[in-house]
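Q: With the hints in hand, could you dock these two chains into one complex?
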Amino acid sequence: MKNAFRRKVRTILTIVAMGIAILAFGLLRTVLTAWYSAVDASSATRLVTRNAVSIIFPLPLAYHEKIRHVSGVHRVSHGSWFGGIYISEKNFFASFAVDPESYLDLFPELVIPGQQKADFFRDRRGFVAGRKLADRFGWRVGDVVTLKGTIYPGDWDFVLRGIYEGRYRTVDETQFFFHWDYLNEGVRRTYSSMADQVGFFMIGVKDPNLSAEVAREIDAMFANSRAETLTETERAFIMGFISMSEAIVMVIRIVSLVIIVIILAVVANTMAMTTRERVGEYAVLKTLGYSGWHIGTLISGEAFLITLSGCLLGIAMTYPVVRFFTTELGAYFPVFFVEPLTIWLDFGAATLVGATAAVIPTRQAVRIRIADGLRRIG
Amino acid sequence: MQSPSPIVEIRSVSKSYRRGSHVVPVLSDITFDIARGEFLAIMGPSGSGKSTLLNLIAGIDRVDTGSIVVGGEDITSLSETELARWRAGNVGFIFQFYNLMPVLTAFENVDLPLHLTGLSRAQRREHVEMALSMVNLTDRMDHYPAQLSGGEQQRVAIARAIVIDPVLLVADEPTGDLDRRSAEDVLNLMGRLNEEMGKTIIMVTHDPHAAERAHTMRHLEKGDFNSV
Numbered sequence: 000m001k002n003a004f005r006r007k008v009r010t011i012l013t014i015v016a017m018g019i020a021i022l023a024f025g026l027l028r029t030v031l032t033a034w035y036s037a038v039d040a041s042s043a044t045r046l047v048t049r050n051a052v053s054i055i056f057p058l059p060l061a062y063h064e065k066i067r068h069v070s071g072v073h074r075v076s077h078g079s080w081f082g083g084i085y086i087s088e089k090n091f092f093a094s095f096a097v098d099p100e101s102y103l104d105l106f107p108e109l110v111i112p113g114q115q116k117a118d119f120f121r122d123r124r125g126f127v128a129g130r131k132l133a134d135r136f137g138w139r140v141g142d143v144v145t146l147k148g149t150i151y152p153g154d155w156d157f158v159l160r161g162i163y164e165g166r167y168r169t170v171d172e173t174q175f176f177f178h179w180d181y182l183n184e185g186v187r188r189t190y191s192s193m194a195d196q197v198g199f200f201m202i203g204v205k206d207p208n209l210s211a212e213v214a215r216e217i218d219a220m221f222a223n224s225r226a227e228t229l230t231e232t233e234r235a236f237i238m239g240f241i242s243m244s245e246a247i248v249m250v251i252r253i254v255s256l257v258i259i260v261i262i263l264a265v266v267a268n269t270m271a272m273t274t275r276e277r278v279g280e281y282a283v284l285k286t287l288g289y290s291g292w293h294i295g296t297l298i299s300g301e302a303f304l305i306t307l308s309g310c311l312l313g314i315a316m317t318y319p320v321v322r323f324f325t326t327e328l329g330a331y332f333p334v335f336f337v338e339p340l341t342i343w344l345d346f347g348a349a350t351l352v353g354a355t356a357a358v359i360p361t362r363q364a365v366r367i368r369i370a371d372g373l374r375r376i377g
Numbered sequence: 000m001q002s003p004s005p006i007v008e009i010r011s012v013s014k015s016y017r018r019g020s021h022v023v024p025v026l027s028d029i030t031f032d033i034a035r036g037e038f039l040a041i042m043g044p045s046g047s048g049k050s051t052l053l054n055l056i057a058g059i060d061r062v063d064t065g066s067i068v069v070g071g072e073d074i075t076s077l078s079e080t081e082l083a084r085w086r087a088g089n090v091g092f093i094f095q096f097y098n099l100m101p102v103l104t105a106f107e108n109v110d111l112p113l114h115l116t117g118l119s120r121a122q123r124r125e126h127v128e129m130a131l132s133m134v135n136l137t138d139r140m141d142h143y144p145a146q147l148s149g150g151e152q153q154r155v156a157i158a159r160a161i162v163i164d165p166v167l168l169v170a171d172e173p174t175g176d177l178d179r180r181s182a183e184d185v186l187n188l189m190g191r192l193n194e195e196m197g198k199t200i201i202m203v204t205h206d207p208h209a210a211e212r213a214h215t216m217r218h219l220e221k222g223d224f225n226s227v
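Chains A and B, in that order, give the protein sequences.
Each residue of the first sequence is one higher than the last, beginning at 0 in numbering that gives the first Met the number 0.
Each residue of the second sequence is one higher than the last, beginning at 0 in numbering that gives the first Met the number 0.
Keep in mind the hints are simulated off the structure, nothing from the lab.
Note that the structure is predicted; figures quoted are calculated from it, not measured.
Virtual Cβ for every residue (Gly too), placed ideally from N, Cα, C.
Every clue listed holds true.
Output of the computed footprint for chain A on chain B, the stretches with three or more beta carbons under 8 Å from beta carbons of chain A:
| # | stretch |
| --- | --- |
| 1 | 53-64 |
| 2 | 92-99 |
| 3 | 107-116 |
What follows is a set of in silico ranges between Cβ atoms, one per label pair, in the way DEER data are often shown:
| # | chain 1 | residue 1 | chain 2 | residue 2 | range |
| --- | --- | --- | --- | --- | --- |
| 4 | A | R6 | B | D178 | 28 to 36 Å |
| 5 | B | A145 | A | D39 | 52 to 60 Å |
| 6 | B | A121 | A | D39 | 54 to 62 Å |
| 7 | B | H114 | A | V15 | 26 to 34 Å |
| 8 | A | I241 | B | P101 | 51 to 59 Å |
| 9 | A | R6 | B | R84 | 28 to 36 Å |
| 10 | B | R84 | A | V15 | 35 to 43 Å |
| 11 | B | F31 | A | V260 | 52 to 60 Å |
The shape of chain B in the complex, shown without the other chains (with noise of 0.2 Å):
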């Protein structure tokens, strides 16, 4: 049986960081490939630059040396403005700290994305009602994160990430700020959105329990993987 082609194709990246006169290495001549739906979870200590790759796949970072190819686009050779319209369109993001704006309802921060897409208010009504359903938040619509709880203001970041309709999903320490039974919550969601909407999920995470949930797993340790 032949194996889904990559989504993501990762070749010999490697970046580092400056920190006063000092050059810390992050990450090494990293090379590997990503499968199209795949659930990958990347694990490692701190500092071990797993946040780093998840950034640099979701072109929020640019890379020292390499090139990342994701869904046929080479993001590393894009301007700023050229990748900040790609990640406009293909990439959603979760975060740990939900990164949601506070002045803005629910609804209204998961219409945020849909701002640059042109969309007239009526689809983007739409859109936006679809994600928060498929969260079940519809009733929580009008609140402000202020009035929500963690794991359905999580939710509320999960319904901004798909609202649209992205090629990849990459979420840092998605539960890392939540009980164990919202971060349970948080997890499911996510597995259906893997398996039944067939999206490509990259997650960066401590916690062994969520890991589990991924198809693969994969640890980075001192800017390198070290296991598969």
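One chain only, chain A, in its complex shape (with noise of 0.2 Å):
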């Protein structure tokens, strides 16, 4: 501990540097968490199908019953990506057109006090908001919310009937679901062509090992006709959006250990600087009989205070910063929290840095002979 603070402004500076490094790693995981969390909330039991060709492309509602007879299938819902605007574009968030029994029932997750949720299946104007997105509003239930289509042009009125909370921290809180009945009433009045179409169907499965069987068949049934289908399962559903992104994804990943090899170059650059100073001592201490093995101890050791103060500096800053992009981004990454596998992944890349940036220097002391350590004292 002395010896890590005989050089104060060094050692503050890299740890510091060290704390920053955490910092970006921790965050850089923690965009990624957010990334994949729609894929952890996905369910094994869901399945999506969607239009063959893109999931830009509809599907007649006619299909939800012929899916429903399909062996295997418990639940079918459906539901139509709104794609609203609330005052402003810079307003984003996910809003769906939904038929709110089935889907409510399929998404167990979404817990809804049960008056609200009744209030909401009652009103076809009704519409339910995540917990974050009715408070980034200020929005309390009855309100009155009006959405701007960009796919169905026009101004929407709903009414907040209900606020619905994750059971699981993974579950995003920013959407939007109201009645696919008032969308389609809408529709069939101003743009006929586009009504009775849904954009997806959600299935549920009775048992998650027949989800194969089951969208084989589904699609199968489709096969041929004006509008065939693509089922897969709803982590696959998820997966395929994120794909499209796959490169930025890949590109933060590789930017994290960029940035953890920097570090180690910082922290072990300190460390050489240390040990070069520090020759003549750790030559006294070998002519008293301390080994190489204890030499390597205080060197690591002092590497290790180093990365490891750093390290809880970084996971001491994580917090407000994510708690700040958790407001400021909430548009983009509505499920942002720390992992507890990103504060163990954090200390696992301090030890591995303090490690790896003791290892040169404790050879080299270590491998000192000790007249010529003791001939550069003096």
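A: Okay, structure coming up:
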């Protein structure tokens, strides 16, 4: 401890550099976690059926009944991406028109108080919003909210009937769900050609082991039709979206590693300078009978003290920064929290950096001949 | 009257250093004994090999040929680890520049060699306090080297050397960095350690005044003794 702070400025700067590196590493890891949060939240018992050509093409509502009768299917719901804008474009959030009862039945992780749920089912203009979304705009149950349609033009008025919370941390609490019937009525009046169509079907299967078979059967049923389907697990469906940005994810992973390598170089440089300055002292210790192992322990201990102090500083900074990001970038990363695994990886990285940075200086200190080391004093 | 048995037996010791492609001989075929309880001063010009000889006797450097037996132990046959352990228990070192750890107090510096002994904390404390009282520095035990004068630092170094009760005390220019008065104090202290505690002391020095305090003086020139 005393040794580490002999050069206070150098040690503090190294600790701060380590802290910033851990902060950057932790943030990038948290971004990756956020990216994959929907995958983590997906259920093995849910399938998604969409248009085989592209998700942007709709499917006929009539498929609903046909899918319901497929063996192994116990519940079917449907939904459409609405893409509404609240006041201005910067207030982005996901909005879906869904069949309320069947949809919420398929998503038990969206927890809504019983009365609010019943009110939502009753009111065709009603909608439910996630807790984070409601808090972001200060919405209260009973408030009227108007969204401007981008796919379905016009101003659409909704009444907030319920606020859901996630049963798990990975559940997105920034979504907006309303009655598909309400959308369809409006569309029928203005764009009748777009009526009675849905963006996707959400299917609950009785046994996850039958998912592949059920998916095959559904797609076979609509083969050679005007709207062929592609059915896949919810996880695969979400991964399909993520894979579109796989290059970005890869860059984030690489940058995380580069940060660790850079900080390794910084700490290794500090330790090398430290060792060079103390060769004489290590020679004295060896003269007194201390072994290379003792000296290695001293150097490694100092390296670990620096890296672990930096790690703790970085972790301490990560939480407020993540909180700031959650507030400011909640629309892009609805699920943004520091995973326990990230903290373990922070400690792992700090330990790895400390151990690696100490290797070469320890080797130098252990190998120095006492007589040579003593000659450097004076 | 029978002369005291030798504590150090040096036999045909040679040592050379490699400087680039050149081999520089430093000691050639040195043979001599040092008696138990002796206070020996080794003198000689710079480059004569006196510090090298001291390092060989103290087990911090290796001979090319020959053997050195200290207290019955042939130290030239020991491995690095065995040699380190041997030094820890048998040799006390006093250096020209004191070589104290700047981040440790006088007490902690003296305590350093005792960490390798397996003594309890209380036993170590007792030993350290005793060593510091022998060099009259009990009242400065919590001071850091930078807060001590050169003479005081050297006395702390002497306390560190004697705290393990070594067989042999080796001193390389112990007064070389001190003013006359501090040098006198250090030499008096070494004299007392020799006379009252019977410590065998080997001292390398340039200073004829310091060498006069020894019982025996040897002149080393070009790697060989030329007068006794």
